[in-house]
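A.B. asks: Residue numbers 1 to 327, in full-length UniProt numbering, belong to the letters of the sequence shown in order.
Taking CB as the label site, the calculated pair distances span: (1) Arg24 with Arg247: 41 to 51 Å; (2) Gly134 with Glu226: 30 to 40 Å; (3) Ala288 with Thr181: 35 to 45 Å; (4) Arg145 with Arg247: 23 to 33 Å.
The set of hints was computed from the structure by calculation and includes no laboratory data. A virtual CB, placed ideally from N, CA and C, is assigned to each residue, including glycine.
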Amino acid sequence: MNPEFLRAFVAVVEEGQFRHAGDRLGISQQAVSKRIAALEDELGVVLVHRLPTGAEPTADGRTFLPHARAVLTAIRHAVASVRHPARPLRVDVLDNRVASAALLRAFHEAHRELPLEIAALRGADHAVRALLDGDIDAAFGYPRRPVRETDARLTAVPVLLEALEVVVGERHPLAEAACVTPADLVPYTCWVPGIVDGSEWGAFYAELAGAFGLTIDPTGPDFGIEALLDALAGSPALLTFVGRGTRLVGLTGRRLRRVPVVSPTPVYPWSLLWHTGNRHPGLRRLVAYVTRHAAARPADVWLPTGAPGRRPLTRAADGPGGTAGTA
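Full structure from sequences and hints, please.
C.D. replies: Right under this line is the structure:
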């Protein structure tokens, strides 16, 4: 017995009209009528009275109705027993203020039907362990060496070169500058509290300081971005770095300035990492989205040694389950 015939019968009885049943099932009124007729022919009884005002079940129809509902319920349960509900795609962004979070938010806006969970695991080493353990599906980060050297089951693709800017208070000598060069920053202390020993961003800032003779102070305590901005607002000498994609609230109220760094522009190389054996249906869509929206390498930038972005950003050769990119 065709279950679509049963669905049509139940819909007609519950809606009271063939037209409304058709709307509910997404088919025409005529298609509903044909399905009811076919079911009646198969059973050898009339199930529905056709009335000028609609439709109602016959005595046989009322007897048959609970059994038809039971069959449809059994079909739903059978399907559900093997079709597991999709769990959310879990993605590490490092911090919800930074450019990786903005990129993931754009992906979410384009794919709102896809359940999504955000993690902030505080570094690529933590993210790699979580990927291998299956705790997350993907991670944004800066792997300092090809991830396949860490584990052959992992792959990555470069997705974003985020330009650095400096933030200074209104009394700072650089506050009115339209832009600054790394050489302009040499006389000042660049305060970046919260750098974790052994972290990829710690290595990034150490190499940046060595390349341009900068003084980068990583000492804390790190009370968070709000405390850092308050300290900058009152200082004529301190500055800090932020990525261009980092969201900062309250700059105007604190009379702070964001100033681009040029000639060259230091850029932080973001990649997307994932496990090649991961079969989450949303992962392939995420990989496709971020590689499709990856910008070409801009001119006159500085990158740390070994960063995948030292080569032109490329599209993934394969999605999840294959190989991709140049990371």
